[in-house]
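Participant: Take a look at the letters that make up each chain.
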Amino acid sequence: MKHEFEAVIVGSGGAGLYAALEAGANGKTAVLSKVYPVRSHTGAAQGGISAALGNVEEDKPEWHAFDTVKGGDYLVDQQAAVILTEEAIQAVYDLENRGLPFNRTPQGRIDQRRFGGHTRNFGEAPVHRACYAADRTGHMILQTLYQQCIKNDVSFYNEFQVIDLILEGNRCSGVTALELATGELHLFSAKAVLFATGGFGRMFRITSNAYANTGDGPAVCARRGIPLQDMEFFQFHPTGIKGLGILISEAVRGEGGILRNRSGERFMERYTPTLLDLAPRDMVSRAIMTEVRAGRGIRGDGKIDDFVHLDATHLGKETLMSKLPDITDFCLTYLGIDPSEKPIPVLPTAHYAMGGIPTDVHGRVIADHKGNLIEGLYAVGECACVSVHGANRLGTNSLLDLVVFGRRAGLHMAGYVKNAESPPVSADASGFALEWIRRLKDGKKGPHGGHILEELQITMMENVGIYRNERDMARAVEKIQGLRKRYLDVRVQDRSDSFNTDLLDLIELGNLLDLALITAASALNRRESRGAHSREDFPDRDDGQWLKHTLAFLDGNRVQIDYKPVDTSIWSPKPRKY
Amino acid sequence: MKITLRIKRFFPGLDKEPYDQDYVVEVEPTERVLDAMMQVKRFQDGTLGFRKSCAHGVCGSDAMRINGKDRLACKTLVQDVTEEEGLVTIEPLRHFPVQRDLIVDQTGFFERYRSVSPFLINEEPPPPKERIQTQEERLAFDDATNCILCSSCFSACPILDENTDFLGPAAIVQGFRFLADSRDRGFEARLSALDDPVGVWPCENHFECTKCCPRSIKITKRINQTKNMIRKFRDECGESVHEEDSSHSLEKQDQ
Chain A
1 MKHEFEAVIV GSGGAGLYAA LEAGANGKTA VLSKVYPVRS HTGAAQGGIS
51 AALGNVEEDK PEWHAFDTVK GGDYLVDQQA AVILTEEAIQ AVYDLENRGL
101 PFNRTPQGRI DQRRFGGHTR NFGEAPVHRA CYAADRTGHM ILQTLYQQCI
151 KNDVSFYNEF QVIDLILEGN RCSGVTALEL ATGELHLFSA KAVLFATGGF
201 GRMFRITSNA YANTGDGPAV CARRGIPLQD MEFFQFHPTG IKGLGILISE
251 AVRGEGGILR NRSGERFMER YTPTLLDLAP RDMVSRAIMT EVRAGRGIRG
301 DGKIDDFVHL DATHLGKETL MSKLPDITDF CLTYLGIDPS EKPIPVLPTA
351 HYAMGGIPTD VHGRVIADHK GNLIEGLYAV GECACVSVHG ANRLGTNSLL
401 DLVVFGRRAG LHMAGYVKNA ESPPVSADAS GFALEWIRRL KDGKKGPHGG
451 HILEELQITM MENVGIYRNE RDMARAVEKI QGLRKRYLDV RVQDRSDSFN
501 TDLLDLIELG NLLDLALITA ASALNRRESR GAHSREDFPD RDDGQWLKHT
551 LAFLDGNRVQ IDYKPVDTSI WSPKPRKY
Chain B
1 MKITLRIKRF FPGLDKEPYD QDYVVEVEPT ERVLDAMMQV KRFQDGTLGF
51 RKSCAHGVCG SDAMRINGKD RLACKTLVQD VTEEEGLVTI EPLRHFPVQR
101 DLIVDQTGFF ERYRSVSPFL INEEPPPPKE RIQTQEERLA FDDATNCILC
151 SSCFSACPIL DENTDFLGPA AIVQGFRFLA DSRDRGFEAR LSALDDPVGV
201 WPCENHFECT KCCPRSIKIT KRINQTKNMI RKFRDECGES VHEEDSSHSL
251 EKQDQ
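Top line first, the protein sequences correspond to chains A and B. One point on numbering: in the working numbering, the residue at position 325 of the first sequence is 325, and numbering is uninterrupted. One point on numbering: in the working numbering, the residue at position 255 of the second sequence is 255, and numbering is uninterrupted.
Keep in mind the hints are simulated off the structure, nothing from the lab. The beta carbon of each residue, even a glycine, is placed where N, CA and C say it ideally should be. A portion of the hints provided could be inaccurate.
[Stated by the list, open to error] Below 16 Å or equal to it, Euclidean Cα-Cα: the simulated EDC-like pairs (lysine to aspartate or glutamate) are: (1) B:129 x A:543; (2) B:129 x A:94; (3) A:564 x A:543.
[Unchecked claim] Covered stretches of chain A (chain B as the covering partner; in silico rule of three or more C-beta atoms under 8 Å from a C-beta of chain B): (4) 29–38; (5) 90–100; (6) 323–337; (7) 447–456; (8) 495–502; (9) 519–527.
Please model the complete structure; the sequences and the hints are all you need to start from.
Facilitator: Here it is as structure tokens:
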């Protein structure tokens, strides 16, 4: 079936919904979502959204911008960080005005709490900057934006999986998407398309990410010759529930929780004496792995699945129930532990992609190192790379990224479609998508995808994880290339049309394989340590060689690397100490 | 441990009626029921249909009936539901048309949700910063904001066995969430959906919704609070509540 819209938005998390509200007010807009909108992974974000409101103590957007740049190990584009942090304030007020139930101060204002890497006066001490709704801030943002979409009658196509992007030269003219209910391939022609498809943590074995987080937007772009930026920077959140990877919010430490090793030592004192447990995530994750490898984990065997304790017992039941109720519930459900009585066993978990589809500050997709644009194509949120997160994102800045750049991209799109002509769509626009689906369902005998996915996740976890080196990453690249070859023989077990989740799983697997290859190859290429990319064989940051963004192009079963300059127009890079 | 998942399967158009299929999987007792189902999906039978996403009880995708109780498969540990001889039975939610196996059609559920105007209604120009709300005012609707629209309560509600038009627990909770918000001015806009013979009134306080809610919302209590707010409003206007069918059907005819 063919549909015609002015704007098509793929993804219904915070970024997609915010963009839809802005674009939908001005032109015929459709939102395609592979899940029901309220199921999107924005809803799993817990701790908060930062803005220098100064409701609890003095704060300034400039401090917030600096923290963001330093937290990102100077790979952040600095003017973008200024936009993020200046527009943060109005963005939070807008959410409140639209009904978001933030926790309140005794004066009835939006309450704020401390979070990792967010500091007063350029690094002096942690600052209360994260606005929050208990420990379900993302859930409340998603709900509030979805509610506004209902109010504004936004058109949704639920359970539509994007398969391909339609490009005519350097101009985007729509997408193809598979409808889960019928198995039909739909063609959505549009003057502008926005990808807001979220992250791809499912390429790792242990992750906080949802099953849906398979990077569909970036994978589609990569296959169409669009580069992906800074894919080597993948954040491991320090505190996932041991074994499961379920996120235990940094807000636990923001409220005073302490990481301890097997002798009960507050080990962060040795790593980041000023910010202690509230150092940026890359540093805390490395500290935990260093403790574990040195035999100071709780078991003490030095194996990589050993763990440390997150101690929240001194916070008291009341704080836990009023400010961290979901965390308390997760601990009870999955561990049988009451965090007011016992410490929580935690280990880093694959959490957030700093890299993604390169964009400018209006969400417009960038095609190459010269900054040429793909006309009519936008990307925003975790699938995109503006870059405001650089080599390591600060906690609470992802929700902020969604609303600030979701709004900016939506507004820009609305203006763009007003003046743009409807682009032509060639007759074979659905060809690639149809051929892919036909192959998976052609009835030939072939392996199922389960084992390939499992091998991929283990490979990425073991070789492209927190600590990296040449040998392991080269091995990962080779392994993934082999898995991608095996993928060509994969076939569905379910050849039916209606609600064929088997087919969707295999399409998602294809996406993860493509993105894993780009991630591993980009990581292998960058011979320095910066932010979340930490190499044992190149342990130092090397600004002379590597203060630049990676642009990685998928080229068959290989990856071609190019670079793009970083905007360091405000703060020159300094050693990163906390 | 070895367990058997006995899953109710049905593919409309292909199967004449639902049937049980058994899958044997090896799992840790502390794994989630969803983990066991993913093992089946990935390594045994790709045709099995179910929804899932976040896998830790916050997205609401995988509500289903496990051993006859409405729960999220990702928030249910194998050790807590495995019966004698290692059996776990899994069925789709009740009160929904089955689309395939455990996938149900939630269109009606979301229509009911939309009918209560689930968004902040306040046409007063917003202040330059945030609206002020005290901690007590915020607390009045706190647990209602927990709802993830998973539909467990809609399946558990015994009223819906007979009265299939009943608005249902989740939509009422969503209505309450705004009625009880000190910033909201939309009480009257929501009345037509809530103060209706198939609105809040059919609830008989069976507490099945409250018992099954994976987000620990005191649903029955919120429904009763909503009823009281409507009664108070109608009393003040010298009107009666629309509990009976007659006025409703007349209204419908007028339109």
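Participant: Against each hint, give a clear statement of whether it holds in the structure.
Facilitator: So, going through the hints one by one against the coordinates:
no. : hint          : in the structure
1   : B:129 x A:543 : violated (41 Å)
2   : B:129 x A:94  : holds (9 Å)
3   : A:564 x A:543 : holds (14 Å)
4   : 29–38         : holds (count 3)
5   : 90–100        : holds (count 6)
6   : 323–337       : holds (count 5)
7   : 447–456       : holds (count 6)
8   : 495–502       : holds (count 5)
9   : 519–527       : violated (count 0)
The structure fails hints 1 and 9 (numbered hints given earlier, in ascending order).
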